[in-house]
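**Student:** Take a look at the letters that make up each chain.
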Amino acid sequence: MKTNQYPSFFPAFNQFGNMLDEIFQAVDTAGGQLFNTGLPPANIHETETNFQLELAAPGLNKSDFNIEIENNYLTISCEKKKESEQADKKYSRKEFSYEQFKRSYKLPESVDQENITGNYENGILKLTMVKKTPSSAPNKKIVVE
Amino acid sequence: MYPMHTRCSHRSCGPHQGKRFDHQSQSLRLKINIQETEDKYELEMAVPGLTKEEVSVDFANQILTVKTKPNSTESKTWLHQEFRQGPASRSIQFLEEVEEGAVSAKFADGVLHIVVPKKQKQSKKIEIL
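From first to last, the protein sequence lines stand for chains R and A.
What the first sequence shows, in the numbering used here, is residues 1 to 145, in sequence order.
What the second sequence shows, in the numbering used here, is residues 1001 to 1129, in sequence order.
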């Protein structure tokens, strides 16, 4: 399996409003040397209460995905076993193949790791990561007298 | 050698160039896998996130055209974006004669599978009198 390890940074506004912060950090591995089909592309969307990660990996089954969290890293991997019939087929052009890949993201601290859900529909894997509810009391207002 | 080519008026867009856009229609370009067997071509187009109703397949004059038109107009602001969902298309011209009437398409898990049978070559036997 070919490994392409490179970090990429996703800038986002942190809780202080306008200071840039790196919240997701990615480490990726792609399979398939013959054609440069790359990794399944991902979009990340943030709402007030959660992060949503959408991975466009068409042609797979729900059971092909292996999603794990270890040391604050969320890893989505897939290694589809090739059917013997498929091995004989010859591609004259191949622009996508997501049967073997691995993508990891460093989770932001604000994500509640016990509260991540996913579903796979029409070739898109959607993960919803709920943010932790702030445990501290609301900001204390200091009155200048 | 490629038995077919993707139609594009731009000289720079040869079969080896992986352009994101279809220059003819200025829409996003669909990704395609092509397999060829002795009697047919099997095509796979990546259409993640779409339903059957949002995809159209058209075949005329040896040219297969697949167009997608997502219904949802929901515009999200992305923290990070690697793919885009908008109207997309791809046209494939077959250089070898195919059975246009027998083209079939199937939709599953964000992949459109299209089978294009080749026209059977009829060999004419010449009898020696």
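Hints are not guaranteed to be accurate.
Claimed, not checked - Residues on chain R that point at chain A, a partial pick, calculated with CB under 10 Å: (1) Pro41; (2) His45; (3) Asn61; (4) Tyr73; (5) Ser92; (6) Asn122.
No wet-lab data here; the hints were simulated from the structure.
Every residue gets a Cβ at the ideal spot worked out from N, C-alpha and C, and that includes glycine.
**Student:** Mind listing which of the numbered hints don't hold for this structure, in increasing order?
**Tutor:** Of the numbered hints, just 4 does not hold.
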